[in-house]
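So the sequences go chain by chain: A and B. Per our numbering, the very first residue in the first sequence carries number 90; after that it's consecutive. Per our numbering, the very first residue in the second sequence carries number 450; after that it's consecutive.
In short, the hints are calculated from the structure, not lab data. Here the structure is a predicted model, which means the values were calculated and not measured. Heads up, a few of these hints could be off.
Partial list, computed: chain A residues near chain B (C-beta under 10 Å) [as the list claims (entries may be wrong)]:
(1) 216
(2) 277
(3) 423
(4) 425
(5) 428
(6) 565
(7) 691
(8) 692
Glycine included, C-beta positions come from ideal geometry on N, C-alpha and C.
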Amino acid sequence: MAVGPAQRAGGQERAVEETAAAAPERAIRPLCWVILCVAAGVAAVAVADAMSRTGHRGGSVVFWIAVVLIVVPATLRMASLRPQGSERLAIVILVGLALYAVKLLRDPFTFTYADELVHFHNLQAILSTGRLFGSNPILPITPRYPGLETVAAALARAGGISPFAAAVVLIASARTMLVVALYVLYERVSGSPRVAGLGVLVYAATPTYLFFSAQFSYESLALPLAAVAVFAVIRWGTAPDAASRRRWEAVVLAIAAAVVVSHHVTAYALIALLAGVCLLHWRLHGPRGAPWAMTAGIAVLAVLWLVFAAGGTISYLQPVITTAFNKLVQTLNGEAGTRVLFANQGGVETTPLIERGLAVLGILVLTGFLVVGTRVVWQRRWRANPLIVLLAAAALGYLATLPLRLVPAAWESASRAGEFLFVGVGVTVALGMLWVLDGGRGRRVQLVAWGLALVLASGVIAGWPSSLRLAAPLRVTAGGHTLEPPSYLAARWSGSALGGDQRIAAEDSDARLLLDVAGQTALTGTAPDVDDMLTAKTLAPWRRFLATNRIGLVETDSRQISQDIIAGYFFDIGPTQQFSPLAEAKFDLPGVDRLYDSGDIVIYGVRGLW
Amino acid sequence: MSAAVRARSDLALAVALALAGVLAAAALPESLGFVRVLIAGPLVLVLPGYALTRATLAPEDLRGPELGAMSVALSVAVTIFSALIIDALGAKLTLWPWIAILAAVTIAAAAVAGRRGHARPLRGPALAPRVGELVVLAAALVLIAGAAVLGFSPLAAPKGTDGTVALHILPTHPVRLSVTSDETRLTSYTVAVTVSGRAPRRFGPFTLAPGASWSGLVAVGPGKPAVVARLSVAGAAAPARTVSLRCWCTSVRSAATP
Numbered sequence: 090m091a092v093g094p095a096q097r098a099g100g101q102e103r104a105v106e107e108t109a110a111a112a113p114e115r116a117i118r119p120l121c122w123v124i125l126c127v128a129a130g131v132a133a134v135a136v137a138d139a140m141s142r143t144g145h146r147g148g149s150v151v152f153w154i155a156v157v158l159i160v161v162p163a164t165l166r167m168a169s170l171r172p173q174g175s176e177r178l179a180i181v182i183l184v185g186l187a188l189y190a191v192k193l194l195r196d197p198f199t200f201t202y203a204d205e206l207v208h209f210h211n212l213q214a215i216l217s218t219g220r221l222f223g224s225n226p227i228l229p230i231t232p233r234y235p236g237l238e239t240v241a242a243a244l245a246r247a248g249g250i251s252p253f254a255a256a257v258v259l260i261a262s263a264r265t266m267l268v269v270a271l272y273v274l275y276e277r278v279s280g281s282p283r284v285a286g287l288g289v290l291v292y293a294a295t296p297t298y299l300f301f302s303a304q305f306s307y308e309s310l311a312l313p314l315a316a317v318a319v320f321a322v323i324r325w326g327t328a329p330d331a332a333s334r335r336r337w338e339a340v341v342l343a344i345a346a347a348v349v350v351s352h353h354v355t356a357y358a359l360i361a362l363l364a365g366v367c368l369l370h371w372r373l374h375g376p377r378g379a380p381w382a383m384t385a386g387i388a389v390l391a392v393l394w395l396v397f398a399a400g401g402t403i404s405y406l407q408p409v410i411t412t413a414f415n416k417l418v419q420t421l422n423g424e425a426g427t428r429v430l431f432a433n434q435g436g437v438e439t440t441p442l443i444e445r446g447l448a449v450l451g452i453l454v455l456t457g458f459l460v461v462g463t464r465v466v467w468q469r470r471w472r473a474n475p476l477i478v479l480l481a482a483a484a485l486g487y488l489a490t491l492p493l494r495l496v497p498a499a500w501e502s503a504s505r506a507g508e509f510l511f512v513g514v515g516v517t518v519a520l521g522m523l524w525v526l527d528g529g530r531g532r533r534v535q536l537v538a539w540g541l542a543l544v545l546a547s548g549v550i551a552g553w554p555s556s557l558r559l560a561a562p563l564r565v566t567a568g569g570h571t572l573e574p575p576s577y578l579a580a581r582w583s584g585s586a587l588g589g590d591q592r593i594a595a596e597d598s599d600a601r602l603l604l605d606v607a608g609q610t611a612l613t614g615t616a617p618d619v620d621d622m623l624t625a626k627t628l629a630p631w632r633r634f635l636a637t638n639r640i641g642l643v644e645t646d647s648r649q650i651s652q653d654i655i656a657g658y659f660f661d662i663g664p665t666q667q668f669s670p671l672a673e674a675k676f677d678l679p680g681v682d683r684l685y686d687s688g689d690i691v692i693y694g695v696r697g698l699w
Numbered sequence: 450m451s452a453a454v455r456a457r458s459d460l461a462l463a464v465a466l467a468l469a470g471v472l473a474a475a476a477l478p479e480s481l482g483f484v485r486v487l488i489a490g491p492l493v494l495v496l497p498g499y500a501l502t503r504a505t506l507a508p509e510d511l512r513g514p515e516l517g518a519m520s521v522a523l524s525v526a527v528t529i530f531s532a533l534i535i536d537a538l539g540a541k542l543t544l545w546p547w548i549a550i551l552a553a554v555t556i557a558a559a560a561v562a563g564r565r566g567h568a569r570p571l572r573g574p575a576l577a578p579r580v581g582e583l584v585v586l587a588a589a590l591v592l593i594a595g596a597a598v599l600g601f602s603p604l605a606a607p608k609g610t611d612g613t614v615a616l617h618i619l620p621t622h623p624v625r626l627s628v629t630s631d632e633t634r635l636t637s638y639t640v641a642v643t644v645s646g647r648a649p650r651r652f653g654p655f656t657l658a659p660g661a662s663w664s665g666l667v668a669v670g671p672g673k674p675a676v677v678a679r680l681s682v683a684g685a686a687a688p689a690r691t692v693s694l695r696c697w698c699t700s701v702r703s704a705a706t707p
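In isolation and in its complexed conformation, chain B is listed as follows (with noise of 0.2 Å):
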């Protein structure tokens, strides 16, 4: 890297931070996302695209919101090419070469910037808030806040909600059948099975709470014997849902799991 990116240059701190960026994407676990886009995304959003700006054009071409609108496109720019050459070349789009390229466009970037001596000095907010004004921050930051824990929980169902149970079934040996209950209070369920037209065997009742699932395995002897199941709901007449293999020919797949 250029010697023309001094310590405290906004082009070391662009530097700095992609280098914060490979590190937590290398050592911060997944579960830690939040820190951890904070600190790697701008290495896709804005480093790349800001060191470029520097090296192309003059500090004094572009005022602050300028600089901020062409460093986000640029790197957008950047983070779109690096994939398709990636791609190109037959590699995969995974983490490794992805953020190298990103991280190197930005070093590479901010040296040349350096050499041609674009780097700015870093300076410090110019704004300092009263405690007034402090306070009517912390305030808007509370609203924000809950609107966020609102709008992200899950709240109770609507009165009148149509629930639904969900009777399944699988063309396997044994048969699998399940039941699944998306609905909004406990309900009891009873399933008969007929094979071959034979007398029907009955499983349950069984009661489910919302979200529950039941499953049971059918015994059908070899070949591919007619099967169908029915579910009721407890205390009702006719059956709610029904199920059957009548021809055995749908595939399951290998990465299925029942």
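Bound-form chain A, shown alone (with noise of 0.2 Å):
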């Protein structure tokens, strides 16, 4: 496979690298101070979120003097021609790091993301039953996919730590993994450290990286792991020999099996991108020279895995992508609604008007370095690299996927292919970034840095609810003691008093909890259609409803927030939003048991009605 490095810039570069290699012991002062600009970043998150959870005010300011002390000064930095490729490497771990934690210190005690309380759920059913495959009743599929669940809890039982402490643990290594290999990889393919280490800063601007790829979940294992396949990729493309080649492409199909035991969506853009660099190669160079044996090789682990394993992924999936088409195509034709911009998941926008304004700008400012990064692709000639291309198609992609954020139903879909096509963002726009610095004298290092740190926060306000950014009250104190918020109490009093195991139907968020906390087997959502049975305000039409699913316990929550995936966990500051009285009541009848009422929960057994 041609891979070729940057021309002018790479050789440019070595010359300057190479003078400073004669004085290393001095490149450790400036990264000193960086380091201290970012730590200082983190300190920021933790006074911020502390804010945050005690009810204070001007949280927010302080979070995002917090981001521009982690993102700036390592730009500045990054942006110069004198750090070695070793300073360039630490500072782009550091920053992955520190944007690691401004997720950990938002939920220091516990997972409170949606896919997370699910995936946790398989970590902790693979620790106490000792096998791979179990159930997941929330989201089947989780579970016939144990890379990112068998990891940690190979972590748990060496480290003989919490299963919460693996899992964080794992994210951050996964994290790691993901930085450098980006890192490797945008350097192999642009010939420049200076190139690899600002294409790294900006993945960070991925609306998902700040916090939903933080997660713990399988796409957070999958996707680093993806990553270092490509570079392997890569260096196969480079290898000297028959014999070095065979070895490089072990290496590959093994990483790559682990990203088809891991995450389903990940494995096949993995195989895409393959496909498209042997297409593209053939079309430039003929077909000898592709990684052909490679591509077809995962794509035959992931059907096998898809037949033999993880026979429900297609089920599973297909709803998602057809019901995203058919909204876009309602929305087209003027059939449907846009969806609100800035919304929190039930819809209200909430995000400040300044801040929509910065992510506004700084989707622009994207356009423009990603619009220079393409145009050098073609004009050094590139464009005989089918990798590059790709990756610049990728970027022009994420660009052609932004409207779909305006359709209800595809927005979570142009969102989750974001982190697959930033990885093209990444290295085009530090091409961009590049061109601009080189371009001539001027403030131009502090510009890049400043542009850089816009398009970061444009991607931090696009991806997530602004309202949800900082730590909201989850374990508070008082008269000595620490509490929990009423949905922890009444699945810790379910797990403890009734026993786990038991089919329990209830909202999205406290089924999430029934599941985690207690153990038990959770209904939710509309697959069986607990939502409906829930809120409807006569129980007569559901009483078969609940025979044929043998749900023997019920958990009313009268808070509208409780059916938010995302924000249904915590401690409710004054009044919420409620639902009609008459949902709740409908159980109250001679054969069900009242078992436990906390105000707003209220468990009822109804194995009496079957």
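These two chains come separately, so use the hints to put the complex back together.
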């Protein structure tokens, strides 16, 4: 496979790096200051979260100061010609882990993201039963891809730490692997450590990077593995002899097999990327020298896994894709309305006006750098390199997905696709930045640093509701005791008093806690249609439903926020929006035990209705 | 193990760290989890992949960061595949089979790498920080430690936080009633229990601190009489919580610990 390094940029930088290498001991001084700034940023995030957890205002301002402290000094240094490759690598690892700390400090006690709670149940099941491929009533496909939970379980077993700590260590390691993999990938593709470093910092502007991709979820491990696999494919392409190529092939297949076992969409994205490389290589250089065998091998592994271990994958993914496509068509035809941008899960616009302005400005800046970077790819004759052409195409593809954020059912697919497409955005935008930096004198380094900060801020704003960016009260102290929110209290009681593995229907966020905290077989959502059963005002039409699904317990929660799988886990501050009282009252029947009452939350024993 | 894995090589260090990881996992209790994970964690996340990379690829093929990324990725792959094999063989994913496989892969791959002449001598750090730089790094460490302490500590509830109190009942003989206070201040309660519509039996008033619980047993006689319990907050007219047993049809699993 043809992999050509940067011509002009690479040549310039090698000379400078050789100069820097003459006095390596002093290279640590600027890095020390970058470390101090990043540490100050992490401390500021902790302060912002503490302010939010205790109900003080102003946390948002401190949060943005923290982001600037983490990103701007690192970018200023990265944009300079002086750092060696090792310093650049240290900076991207530092920034990667600091941005992971932002997520960790938001949820320091336990997982609170919808997918995390699902995967955490799988991890606990592996640790308690010692077996893989258990069941998960909320997301049944997840135990069929046990890669993430398997490694976390191994860490918990070997390290003697809690499952939560093991999961945190694993995701921090995966984040490190991702930034290092992207760095070496970009460096091999562009031939420039400076492009590599800037590219990894740009990748941090992926809207899902700060929070969503930092969660304990299968994609958070699979994507870094896939990045290493792509890097190994590049090395396979530059291997000097057939024996060396075979060894690289073995490495690629081993890592890709781990991706296949870990996450469906990442595996398919990897196959699609390699297939694209093969086809482009064929178009540009003929069929010889493309990674056909490896691509076919990974595709065979994915199909085998699909057939023998994860047969439900298609029925899981198919509705998501078809619904997104149908909604897109409906929106284009004017049959359906557009989605409210910057909205929370309930569709309410909560992002302040200034942040919305910054987000739009950031996208414009990103587009500007991206256009310049694409032009650089074209002008420097990199168009003969299939991989870099594909990465630039992916970058442009990312821009093409932005309008999908206006489509109600397609925005999530577009957002998830962004994680993959942004691999192309990273290197292409970095090439655009390098063009700006090398274009003349003046404050171009500062321009690039603040531009990148703006792009990253734009990603943060677009990627997560502003009202949920900072920590919410989850564990609070009162009278020398630590208290948990009422939904945790109910879940713990159900596990300790009634025993685990009870079939219990509940609202979305409550069900996840019943699954994780109490080990219950929690049913929620629309399949089976627990949502409508819970909000119905009469029970008569649902008695058969309860019997058919062998639901022995029902947990009602009168707070509408209990349907919010992002915000529904915390203490309420002040009054909350409530469902109709009839929804709960319909269970107060002679054949029902009313077992638990904490006001908003009531647990009923409904086996008598079967 | 191959004699080619010399005492002061990277492969010898990998083998030594793998054995240390096995020892730590075996000997250190979970109460020392912080130390244990530092020693045994690399056996899951780094060492098998490092040894396999060295066994598969010539040292000149990879630079430091590339070796690092490959090591973690292949270690993760080995950990996943070893779990799949153990599970497919019908064994349980307990500590020993797992850690034995990871250590065996590390040692075997290091031996192969040594035989192929892929061992590299160990080198000390190239950088020697000055005092001023160490002071800056120490300040950074203090900031991170401060962030950790602040971030991982439960803090006081914001003003207006909605605490709650939970009343619960279990269908046992005698019936077990409990109250758990999730309020943010001391609160007094009374509980009134009615069995088969007879005059209520009262408990309390009793005062619970935040996070504290009260429980009581109510003899209800034979059979499955209707039991209704109501909790009132002291000073309030209407009951705040109500639980009841009307059909006694809830199963309490043996694992439950009321």
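Kindly indicate which numbered hints from before are broken by the structure, ordering the numbers from low to high. 3, 4 and 5
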